[in-house]
Each structure stands twice: as C-alpha cells, then as structure tokens.
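S.K.: Taken in sequence, the protein lines are chains D, W and A.
Quick note on numbering: the first sequence equals residues 3 to 125 in the numbering used here.
Quick note on numbering: the second sequence equals residues -8 to 187 in the numbering used here.
Quick note on numbering: the third sequence equals residues 213 to 797 in the numbering used here.
Please keep in mind that the hints were generated in silico from the structure rather than gathered at the bench.
For glycine and all other residues, C-beta sits at the position ideal for the given N, C-alpha and C.
Careful, some of the hints might be misleading.
[Unchecked claim] To give a feel for the contact side, a few chain A residues facing chain W, derived at Cβ under 7 Å:
no., residue
1, 274
2, 443
3, 444
4, 458
5, 459
6, 485
7, 489
8, 658
9, 766
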Amino acid sequence: MSDSDHDIKKHISVYRNVFLALLFFTVLTVLVSYVEFDATERYIAGAVFIGLIIASAKGYLVAAHFMHLNNEKPMINWSLILTVIFFIVLLFMPLLWDMNNMGKDVDYWGGEDQKLEIYHDVN
Amino acid sequence: MDIKIPFNEELRPDTGLYNAKLGVWLFLASEVMLFGALFSAYVLLRVAAPIWDNSILNIPMATINTVVLITSSVTMIMSWVSLKMKNLEKYKLYMGLTILCSVVFLIIKYFEYSSKFEHGYYPSTNTFLAIYFTMTGLHMLHVLGGIVVNFYLWIPGVKMWETEPERFTNRIEIAGLYWHFVDLVWIFLFPALYLL
Amino acid sequence: MSDHSSHHEESFLRKYIFSIDHKIIGIQYGITSLFFLLFGFSLMLVMRWQLAYPDTPVPLVGGLIKWLAELNGFASNGNLPPDLYNVFGAMHGTIMIFLGVVPIVVGAFGNYLVPLQIGAPDMAFPKLNMASYWTYFVGGVVMVVSFFIPGGAANSGWTSYPPLSEITTATHGQTFWLIGMIFLITSSLLGSMNIIVTIVQLRVEGLTWMRLPFFIWTQLITSFLLVLAFPPLEAAGILQLMDRVAGTSFFLPSGLVVGGEVLANSGGGSPLLWQHLFWFLAHPEVYVLILPGMGVIGEIIANNTRKPLWGYKSLVYGITFLGFMSFIVWAHHMFLTGMGQAMSVFFQTTTMIISIPSVIVLTCFLISLWGGSIRFNTPMLFALSWLPMFGIGGLTGLPLGLAPPDIHLHDTYYVISHFHYIVAPGTIFAIFAGIYYWFPKVTGKMLNERLGKTHFWFSLIFMNGIFFPMLIQGLAGVSRRLADGGITYAHAQGVIHYNSFMSASAWWLAVAQIPFIVNIIWTLIKKKDNPVDPNPWKATTIEWTDTTSPPLGHGNFEKEPVVYRGPYEYSVPNEKEDYIPQTKK
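So that you can see chain D by itself, here it is in the shape it has in the complex (with noise of 0.2 Å):
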C-alpha cells in the first residue's frame, strides 16, 4: 500500500462506493425476502440461492476492498485459499447422511413413530 496521498484520495472514494453498495445489496435482499414465494420446495430453494448470492457479494465486497484482499500477498493468499477448500468440504459435510437416497424422498430423520432406545443407567 503506497502512502502517497493522491493514492488514499482513491482509496477514500473507493471506501465510500463500497459503503454505498452494501447498504443498496441490505436493502435489497431484506426486499427481495418479503417478495412472497410459493412455498413449493423449488421456490424456497430459489429464494435461499438468491439469498446467498447477495450475501457472497457482500462478503467479497467487504473482503476484497476493506481487507484488501484484492491486494494481497501470495502467502496470505495461499493460506486463505487453503482455508476455502476445507470451508467448502466442511459444508459439503450435511451431505454424508445418506448419499445413496439424494434426490429421492426420504424421511431422513425416520419420522415421528420410530424411537431411538438408550438402555443407560443415568446417574
């Protein structure tokens, strides 16, 4: 980051369209989520993905430009990108429940009737 002060004039206008454009994507996705959707699986699955893409916008707008991401130094960047990798097979990690039934309709939690018994002693 070079400190000369022409450059953190920019900076300074960079910040504020940055400001701006996170406030326009709060407005927008809490409209976006008061538009009424079917409450079919299809529609809430849009509404979710909608959702997240605002938000991953946010996300990358306050990454890039307040933690200066954009610029950063390839040591740091590696270590981050290391980190994604794990973040995202961390995610995955709800779908290990039942891989073979994906996409079927499955009651994966067995429903209301079966119970699960413990025979244990508590103390």
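Chains W and A: place on chain D using the hints.
M.R.: Relative to the frame of chain D, chains W and A by itself:
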C-alpha cells in the same frame, strides 16, 4: 526484555509481510473454520427440521443492525486511513464512532434477545432457536472482544503513536481486519437466520 | 540483533514462571506434559488390573481408588468399579492426546527448537506464547479437578459421542471436559499460529524453504493442521456445551428414550453431527500426533547415519500432501454409522491414497539407513525401533480403512492396538528419542547411555507385550469397551488368557520408565561441572552449530547466523570433517 523480534513492524522482503499481519490472517482462517462448522450444523439442522419458523425474528431491527455494523466497518477503515495521513484527531473521531456503532449493535441485540425471552423463546425451544442463539451469541462475543480491543487502541494504547507510529498504524490495520471479519460473519448470519 | 540478550536482572516470576522466552516456555510445556503423560499412563495401569483380575481390589493403590470412588459416589472395596473404569478410560485418552502428546510435540519440541533451528531470537509473538502455555495449564487444571467432583470426570470416552455424553446431565464431569477442551483448543490455536508465523517470517538469511530441517517442515504442516482442524471441534464443543447447559438439542434426536422415559428436549438434532465435527478434527489430529515425531526421527536418522536424509524433497512433498489429504478422510471412522455406500467408497479411497505418503516417509527413512555408518546411541535406537513400530501401526490401519473388514474390526481391541502402535511405540518413542537427542542442548549435560539403553530395550519389549496380543484379541472380536476384560463376552473366551500377560507387560513398562526418570534426575543433580561440547552429536543444523548448550539467555544467538547450505550435509567427499554446518560458507 530488550530483544527485538525481526519484522515486527517492517516488512520481510521475501514475503512482503510483517509478523502480525500473517498472524491475524491465520487467526481469521481458524475463525472461518469455526463459523464454517456452525454453518454446516445450521444447514443440517435446517434440512432436518419439520418447521423452521424464523418469522418470530425481528427483521427491521436486524436490518438496522446490519447497517450499523457496516457503518462501523467503514469508520474502522477510515480510522486507519486517518493514521496513514498522519491525522491523529481524525483517527480518534473515527475510532470513537466505530466503538459507538458496536455498542449500538449490542444494545439492539439486547432488546432483540429480551423480547425473545419475554415471549418464552429459549435456545431449548427448538433447533432453529438453538442455532439462532448459539450463532448470534458467539458473534456477539466477537463484537464484545472487538470493543475491548478497539477501546484499548482508542484511549490507553494511543500513546504508542508518539513513540512508534508505524507499529501503531499496523495495530489499527490488524484490529481492522478482525473487525471487518466480524462484519463479514454478520453479513452471512443476517440472511441465513432472519431472511431465508 | 546485536543487542541480543538483556543483562539486567529479571524477577524470578518473569524469568521462570510467566516467562516470554521460548526456551523457558518450551521447558514448562515439556515438564507439564511429561507429568500428564505419566498421569494418563497411571490411569491405564489401574485399568489393566481391572481387565486382568476383574472386581478384585487393586494392589498398592487400592485405598486411593476406594477413596476416589467414594468421593465420586461409586461403591468400591478397593477395586475399580465400572463407572470409574469408564471415567479412567475417557480421561486416559483425553489426557494422553490433548494434555500429553500434542503439548509435548508442538508445545515443548516446537517451542524450544523451531526458533533455534531457523536462527530466530524468539517466537514471533512471545507474549502470545506465554498465553498459550497458561491457557493449556488452566485446561489441564480443569480436567484434573473434574476427577474430584461428584459423579467423577467425563465418562463417555475421549470421543464424547452423544447422546451418551449428553444424557448424563445430573453429573458435571462432561461439562468440565468441554470447558477444559475449549481452553486446550484455544491454547493449541495460539501456539500453532505462532509457530507458522515464526517459520514463515523469522527464518535467517539464506534459510530457504528447501534448506529447512525436516523437523521444521513437520512443525509447519502440523501447525496448519491445528489451525484449520481444531476450530470445528471448538464449535462442536460449544454446541455440546449448549446441549448440556442451555438444554438445546443439537445432537439429540426427537423421541429419545432414556431409562424408559422420553427425554424432555425439543429434539430435531443429530448425534451423527457430533461424530462428523469430532472426526473432522480428530483425523488431522492423528497426523498432528505423528508428524512432529517423524520430524524428530528424520533429524536423528540423518545425524546418526552420517548421511543426508534420503529423498528430502519427497519427504517434504509427501508430508504436505499427507496434511492436505488428512482433511478428507475423517469419515473412515464412521463406516458403521450407515452413511451410505457411495460415501463409504469415497472415504475408503481417500484413506488408501493417504497411506501412500506415509509409506513414502517410511521408505525414505529406511533407505537413509542404507550404507550409513550407523552410531547406535540411545536416540538412534529409539529412532530405529520407531521404523518397524510405525510400520506395524500403519499397516494394521489399512484393514480399518476399508469398509468391509472395518465392519468386523470396528470398536475391537484391534483398533486400540492399531492406533497405539502409531502413538505409543511411534510418537512416544520419537519423543524419547528427541529427549535423549536434545537433552544436552537444553541442559548442557549428556544423559547416561547405559541407563538410556536399559530404558530403550525394556520399553520396546514391553510395549509389544501390551499391544501385540491386542491384535489377536481384536481379530477374535473382543470389544474394547468391556470393563471386565471380557469374562462375560462370548467372543472373548478363547483369547481372554492374554489379559494378564498384557497387564503384566504394562506394569513392567512402568518399571522400565524408572531408568529414564532416574537418568534425568541423576544427570541434572550429579553432573554439575561437566559442560558438554556444544555440538556433541556433530550435527549440522543451526541449533547445534551456532548456540551454546544451553543457549544464551533471551535472544539465543551472539550474532545472527547466515545459512549457506542444506540441512544434512554429512560425509561430503573430500572434506576434512564428516559434516558441514549449515552456516559454513
């Protein structure tokens, strides 16, 4: 303790970093994994839940909180820019505003929580409220930690500016990176818990 | 760095208790974790009595066991009651892993040696380093205190699987465990970030990545594993704490019936979620346990064969790949949870792949021996025995990584034997090797070789006496969770006679540690005026060639070293000496 750790304030030529910068990014990497695990739990619980009633949450309040936190992020970076321009007075102003915003955030959150408790909504009520209270609670602890750090840098720690201005500016950058991360987490928590 | 060390007197507290000197902190870590290793081992010695001679009073410590059992509210006539057996089992694992091995390999060896080997005056963040030790200490105190509360310490295994770990809310052992774990995780995170920054930022001039000693590489990879794998367990710990304290149901499914009554919780959670989050940490954790051990062994083998480490680059790339892969194999601990065939196939494939870099490491070490003029001193003996022991541990892991044999072997003594071969004669032997090797560096005094060799041979024999019969018992199908050693278990009847042999081996193993303890105390007390050659092993790395033994006060180096060559330039042709220090032009 007169030993000097190399690259505490100056940049190491081959990595282009000073120590604390790499340190804070590693810390944030671990934070990503911490919240990542919670988001993973969130997805799982949500897929499994028969009902996911987030309509009991107060969206206007949370929207205001989002704006407050974003504003605090901007004032935080402005406080760093002010130091870069060697303007201590402006730094103090912006840092004060950052702390003010984070306190406002906590106050609003307090009202949100107490209204939930008044209506008998507790973490034990259902899995939605459980994950809601856990994630926002952990986020609030991060905000609280940020307030402590920022307050230290605002009043007692500011004397370092006289002796080691370079290092003090670095400290603000580090505190800023943490604070933007707290903002970033909220940016994802807000739609995940309130809107979707 | 010309003003290397402070000459003014520091207060005792600052110098030895709340020190920010990495060497003192390393020693603090070392002493504390050796104490915990001994403590965890003692728990197992008592458990082995219960397994070999169920429900008979424990000799020697029977009174103590009776006192502890009654304090916790269990009936005992000097024997180890099953409830207390569960406590001991859970705490043996927790203490050995989180309070013993990880702190000693990362906290003690890492702290002490990393700055010295890379020529740094201290860790990058000395105060954070101190905070890391004291956080660990508090975590340890919480764990120890939990032994003395009503109901005893955590008793749901070191894995703390819910619902078992969550339906015992009447007692607080598990809550203590969770709080202690949060401290320990925080401590590890602070320590490992510090190590990464130190290695990346504080390497002296000329010490490029491919000139780093192998030990430094293992510490770097280990620290990345800790930074990225521990937080999910911290998250899981917070969730379980919420379940226990705030009454949430993250890990409790709907309609759970305990003791004939439906639990009064909202339900909707999943016990499997804990298992996934837990093993997401705990598989990389396995490599956290073994990688620094590999680093120690690598240093000692290169030094005592007087040869460069064979395949240095393969080793480095191998362990990097190993570290990466260790994040995508965790579910091989969970083949029996019914996660579906597709995922089982995925995880058994990645598990088979991850065995490749382990084999690369072992092969490189073996080939390093080829044609060397080996010095059979105590550290080298431990290092040499590490190779076959780690080999047995690794190869017995392959059947566990494949779903079909795992269905038979899961939760039997075979599993216990497998991971103990990795950690006990594996990592613990590497720790012993490291202690014998670096003891002159830390104290300026050589440990006695004869006592050291006695310690080695008896340890090796009795280790195998304990763990080899477990493989046989496990193949016969004996469950690892039985508090009576299997007398009421049909599958155990043919192999139950091994129990007393294994238990005797365990007690003899304890006796075999006496030469080690005597050796350390005797060397420290007797050899007062016997300053050792600063480089007794004729090693090449900076910690031996450029510092005194023990190193100067805070600051380590008289003048900043500059590195000109790789870490293992032994027996270079046409050289007068058979080693060339890294800092020699």
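S.K.: Honestly, which of those hints from before does the structure not fit?
M.R.: The structure breaks hints 1 and 8; every other hint is satisfied.
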